[in-house]
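Peer 1: Next come the chains, spelled out residue by residue.
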Amino acid sequence: MRNSSRNEWWRFFASVPRLKHSQAEPLALIPLQQERVDYFYKLLEKDKKAFDDYTPLNRQEIEDFLFGPNSVSFEIGYGVGLCTLVFSGVNAYVQMVMFDWFYRDYICHQIIEEAFSRGAERITSTVTEDRNNARHLVLSLGFRYEGTLRKAFYRDGPFADGPGKYFDVELYGLSKEAWYGNRSNDSSGGDQRGGVDWGRSSGCPGSE
Amino acid sequence: MSTSGNPQEISAEVSEDLKWEPLVLTAAKISDLWKALQDFPIVFDDFSKGNFNDFFAKLCSPYNIFVDIGPGKGLAAGFAVRPGLDAVLHLVMFDGRLRGREGLFREILEYYFKSLKLRRMTVMLSEDARTGIKLAERMGFKLEGTMRKSIKRDGKLFDTRIYGILYEEFFKE
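Protein chains in written order, with the working numbering: chain D, 1 to 208; chain W, 209 to 381.
Bound-form chain W, shown alone (with noise of 0.2 Å):
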């Protein structure tokens, strides 16, 4: 995995003295995670829900990035990580609260983007996550593409909205 520089160093303090830093995974932590993940009805791409070899598969695989928010209060990850390309990005606060925060889900954007040297990133939201729709279009992610019927939830089949946002995008302003 190609990284630059140190993340620790442009971890930065934020509004709420929020911050954040890459994820250190102990047991601990593991099962916190997996506690606070649990009062959402979406857990990162809506399949690892109630299934904790998933949930523990993603957080262990060299291809996921994780960045701890708080520490504890949230969590953003960064899956299928192709360094100098893509990675797809998911967010999540255990608070629930999004709006507000963007200046520190920017940091972290800008940590993935210039760390793993990428081209674009990608947000793939279910079409009943409008918090997480509105967020994604605050932050200047353009609608690329919609998945029809591509995800099961309750018996029923949602759309998945892909978005995207690409470097000299997210860095013109």
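Bound conformation, chain D alone (with noise of 0.2 Å):
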């Protein structure tokens, strides 16, 4: 990564505001439930440029999305995170927003092993190209970059060129197999063989 993207990403980074709490570990991933939609809307509303996955819906959307037919939603902590599945037969599209900013490797395995136990026989994540911390964090788990949507997602500005602008969005996919195969021979999961540290995944600071 360049140095001034870099530097920007830093300064991004500083300039959004994180949920402070004291709750301790390990949080717990909870059904979401209809009252606290408010409240994680807020959240959301606080920085439209922080958390790619939610912030382009609106309120009416956001409960839509939530509580689909096909969805499935958790807190996680009590208001520390929000994280949804939305299955689609055999694949799961993963979305989730930690508000402090802290990305924990045991509540992204929580997540993983709800997907698969629920039927999923893979797992979809898409990473807006900006998102360096969001894509570090998926390829750590053992997603494995599956292709670019080009110009898939609108971020308001400004910017300097702009108003608002568009990006491109990459898929990363996790399969079943190779989640339960690669835990089962080296006790780390994913699909890049022998390729997860989850030492450095551990905290990650980024965004979805």
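All the given hints hold, so there is nothing to weed out.
As a list, the in silico DSSO-like pairs of lysine-lysine whose alpha-carbon atoms are at most 30 Å apart:
#: 1; chain 1: W; residue 1: K243; chain 2: W; residue 2: K227
#: 2; chain 1: W; residue 1: K322; chain 2: W; residue 2: K342
#: 3; chain 1: W; residue 1: K237; chain 2: W; residue 2: K360
#: 4; chain 1: W; residue 1: K281; chain 2: W; residue 2: K360
#: 5; chain 1: W; residue 1: K322; chain 2: D; residue 2: K165
#: 6; chain 1: D; residue 1: K48; chain 2: W; residue 2: K325
#: 7; chain 1: D; residue 1: K151; chain 2: D; residue 2: K49
#: 8; chain 1: W; residue 1: K281; chain 2: W; residue 2: K237
#: 9; chain 1: W; residue 1: K350; chain 2: D; residue 2: K151
#: 10; chain 1: D; residue 1: K49; chain 2: W; residue 2: K350
#: 11; chain 1: W; residue 1: K357; chain 2: D; residue 2: K176
#: 12; chain 1: D; residue 1: K151; chain 2: W; residue 2: K360
#: 13; chain 1: W; residue 1: K342; chain 2: W; residue 2: K357
#: 14; chain 1: D; residue 1: K151; chain 2: W; residue 2: K322
#: 15; chain 1: D; residue 1: K176; chain 2: W; residue 2: K360
#: 16; chain 1: W; residue 1: K322; chain 2: W; residue 2: K350
#: 17; chain 1: W; residue 1: K364; chain 2: D; residue 2: K176
#: 18; chain 1: W; residue 1: K325; chain 2: D; residue 2: K165
#: 19; chain 1: D; residue 1: K46; chain 2: W; residue 2: K325
#: 20; chain 1: D; residue 1: K49; chain 2: W; residue 2: K325
Chain W residues, not near chain D, derived (Cβ > 12 Å throughout):
#: 21; residue: L231
#: 22; residue: Q246
#: 23; residue: M301
#: 24; residue: R314
Keep in mind that the hints were calculated from the coordinates and are not lab data.
For every residue, glycine included, the Cβ atom is placed at its ideal position computed from N, Cα and C.
Dock chain one against chain two, each of which comes alone in its own frame, and use the hints as you go.
Peer 2: Pasting the structure below:
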């Protein structure tokens, strides 16, 4: 990564309001209740540039998304994070945000296990092209790059070249076979045999 | 949902006298569509096959926009529509013929692009959907990715190919 984009990222990261809390680890994965939507919506609205997975949606769309017929949503800790699995046949799309900007391996593992236990044969994660930490996170979990959808995400700015900007979206996939196969072989997970460094991904700051 | 203009006004007659217009749902129409689609190995995204509730939910979702071709000869669907950004396109002709109808399909794509102000459109196809893959490529869609083993049919896992076309690519001709 070029120094300028790294600096840009850290300036952005430093400017993002992070949720402060004193909840003890490990945080629990709690099925999301309808009455919690307003709480999360307010957090998402605080910075519309921060959480790509949910911020393009308005209040009604978020509720439809979180509680759709094929969606399973979880609150992580008490209001610390939000995760949604959207099942489409044997595929589960995963979306996750941590409002304290601290990604925990054990939470990611629980979510992956949850998706597979509910019948998914694979999990798909999408990463906006400029989210380097999110990319690092999914790769460290063993997801494999599967393609790039051009200009598939719009983020409001302002940016140097306009009020908003279209970004490419990278597609990553993790198969059940690879997750359990690699885990039983070497106690790590993912499609990247031997390439998973749980320690490194622990506490990786980033956004989805 | 952001739409501009009156879709009826830009609906046009094409060869074979096939017309298209936004789908109007009635009980009879839903029943006809359900029956017609039973003859196809894949219904929409492969998960509505044999599942009327799922099929019905997709028809009624505010995030999906359908176009009736014929009328009653085929169906175009824009799924997961995000006005100003993207929609996932599905096309089905009940007589199974796609070749030679590219002009009609282009009109429908133009309708989606313009009325929803889309930046791009996406097509997701099972790796064995050769006819659909050829059509997507003929229409200028570019292969953007492959979701490995993402569709299960008859106990076998298939890859999903993802194709995309940008606004400027579609309108360059």
